[in-house]
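Engineer: Okay, here's what each chain looks like letter by letter:
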Amino acid sequence: DTGVSQDPRHKITKRGQNVTFRCDPISEHNRLYWYRQTLGQGPEFLTYFQNEAQLEKSRLLSDRFSAERPKGSFSTLEIQRTEQGDSAMYLCASSLNQGALGEQYFGPGTRLTVT
Amino acid sequence: AQSVTQLGSHVSVSEGALVLLRCNYSSSVPPYLFWYVQYPNQGLQLLLKYTSAATLVKGINGFEAEFKKSETSFHLTKPSAHMSDAAEYFCAVSVIGGGSQGNLIFGKGTKLSVKP
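Chains as they are written, first to last, in the working numbering: chain A, 1 to 115; chain B, 1001 to 1116.
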């Protein structure tokens, strides 16, 4: 079990640039979640996938954000035209399809800094 | 709708002392509750979860939590703190209903410091 991995771990970008993050879940997990965590706050839900289908998106996920999970394995989260308010830790988690009971395993996160 | 509130953004205890981290929840349906720990620059690790099987839940690293419906609480405790317990702890509730299944709502977290 290699756990959930995320790449890159850190990203510094200038305002207005596009960035893309990758998440590789635990191999047998069919659910994948994205969360955002700002300083001093708990993680906030952004979106989740069951296999390749994106089943729910939070209101936090503005039009500048898009997520994909093309083959039901890894996922990408893209932010277009980054703003300073996008600076945060982006966390990915995966779980087996056990609905609300399912334990989510978190990756180490990607820390985004927008200058 | 579900929510959680963690009382106390920072708790400091001496090594060997009791650890008590407070969490209250709000839910119109029977909740599924979780405690996660986050060490600096790392992701979250599950400590324990309540899924209605038993009100006293034992987790990893000697932690446990008791679900009290009458108090809408799910406080985390450990009888004797270790230096290695210093971290940030998050209480979370699993969202049920309204088309949602399983995404988590987290509290703001409680940072635990352990003094030698």
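It is worth saying that the hints were derived from the structure and are not from the lab.
Beta carbons are placed, not taken as given, at the ideal position from N, Cα and C, and that holds for glycine.
Incorrect hints may appear among the rest.
Said to hold, decoys possible - Label-pair restraints from in silico Cβ distances:
{"hint": "1", "chain 1": "B", "residue 1": "Q1045", "chain 2": "A", "residue 2": "E28", "range": "28 to 38 Å"}
{"hint": "2", "chain 1": "B", "residue 1": "K1111", "chain 2": "A", "residue 2": "G85", "range": "16 to 26 Å"}
{"hint": "3", "chain 1": "A", "residue 1": "T13", "chain 2": "B", "residue 2": "K1069", "range": "22 to 32 Å"}
{"hint": "4", "chain 1": "B", "residue 1": "K1111", "chain 2": "A", "residue 2": "E83", "range": "40 to 50 Å"}
{"hint": "5", "chain 1": "A", "residue 1": "Q17", "chain 2": "B", "residue 2": "S1052", "range": "38 to 48 Å"}
Said to hold, decoys possible - Under the rule of at most 30 Å between Cα atoms (straight-line distance), these lysine-lysine pairs were calculated in the DSS-like manner:
{"hint": "6", "chain 1": "A", "residue 1": "K14", "chain 2": "B", "residue 2": "K1108"}
{"hint": "7", "chain 1": "A", "residue 1": "K14", "chain 2": "A", "residue 2": "K57"}
{"hint": "8", "chain 1": "B", "residue 1": "K1058", "chain 2": "B", "residue 2": "K1069"}
{"hint": "9", "chain 1": "A", "residue 1": "K11", "chain 2": "B", "residue 2": "K1068"}
{"hint": "10", "chain 1": "B", "residue 1": "K1115", "chain 2": "B", "residue 2": "K1058"}
{"hint": "11", "chain 1": "A", "residue 1": "K11", "chain 2": "A", "residue 2": "K57"}
{"hint": "12", "chain 1": "A", "residue 1": "K11", "chain 2": "A", "residue 2": "K71"}
{"hint": "13", "chain 1": "B", "residue 1": "K1058", "chain 2": "B", "residue 2": "K1111"}
{"hint": "14", "chain 1": "B", "residue 1": "K1111", "chain 2": "B", "residue 2": "K1069"}
{"hint": "15", "chain 1": "B", "residue 1": "K1058", "chain 2": "A", "residue 2": "K11"}
{"hint": "16", "chain 1": "B", "residue 1": "K1068", "chain 2": "B", "residue 2": "K1058"}
{"hint": "17", "chain 1": "B", "residue 1": "K1108", "chain 2": "A", "residue 2": "K57"}
To be verified - Here are some chain B residues the structure puts well away from chain A; computed CB gaps all over 12 Å:
{"hint": "18", "residue": "A1017"}
{"hint": "19", "residue": "L1018"}
{"hint": "20", "residue": "A1092"}
Engineer: It remains to establish, for every hint, whether it holds in the given structure.
Structural biologist: Right, here's what the structure says about each hint:
Between B:Q1045 and A:E28 the C-beta distance comes to about 19 Å, which lies outside the given range of 28 to 38 Å. Our hint of 16 to 26 Å for B:K1111 and A:G85 holds, since their Cβ atoms are close to 24 Å apart. The beta-carbon spacing between A:T13 and B:K1069, approximately 47 Å, falls outside the hinted interval of 22 to 32 Å. Separation of B:K1111 from A:E83 is about 28 Å and departs from the stated range, judged on CB atoms against 40 to 50 Å.
A beta carbon spacing of about 47 Å between A:Q17 and B:S1052 agrees with the range 38 to 48 Å that was offered as a hint. Of the supplied pair hints, the one linking A:K14 and B:K1108 holds, its CA atoms being roughly 28 Å apart against a limit of 30 Å. Distance hint between A:K14 and A:K57 is fulfilled; the C-alpha atoms sit about 26 Å from each other, no more than 30 Å. With a C-alpha separation of about 18 Å, the suggested pairing of B:K1058 with B:K1069 holds against the 30 Å cut-off.
Restraint check: the Cα-Cα separation between A:K11 and B:K1068 comes to about 42 Å, which exceeds 30 Å; the hinted pair is violated. Distance restraint check for B:K1115 and B:K1058: the Cα-Cα separation of roughly 25 Å lies within the 30 Å cut-off, and the hinted pair is therefore satisfied. With a C-alpha separation of about 24 Å, the suggested pair A:K11 and A:K57 falls inside the 30 Å cut-off, and the hint holds. The straight-line distance between the Cα atoms of A:K11 and A:K71 is roughly 25 Å, inside the 30 Å bound, and the hint therefore holds.
With a CA separation close to 21 Å, the supplied pair B:K1058 and B:K1111 stays within the 30 Å bound. A C-alpha spacing of about 25 Å is found between B:K1111 and B:K1069, which places the hinted pair at or below 30 Å, so the restraint holds. A hinted pair counts as satisfied when its Cα atoms are at most 30 Å apart, and B:K1058 with A:K11 does not qualify at roughly 38 Å. Taken as a hint, the B:K1068 and B:K1058 pair is honoured in the structure, with Cα atoms around 15 Å apart against an allowance of 30 Å.
Restraint check: the Cα-Cα separation between B:K1108 and A:K57 comes to about 21 Å, which is no more than 30 Å; the hinted pair holds. Distance check on B:A1017: its Cβ is at least 25 Å (rounded) from any Cβ of chain A, clearing the 12 Å threshold; non-interface status holds. Here B:L1018 stays apart from chain A, with its beta-carbon at least about 24 Å from theirs, past the 12 Å limit. A beta-carbon of chain A comes within 12 Å of the beta-carbon of B:A1092; the shortest separation is about 7 Å.
When each numbered hint is compared with the structure, violations occur for hints 1, 3, 4, 9, 15 and 20.
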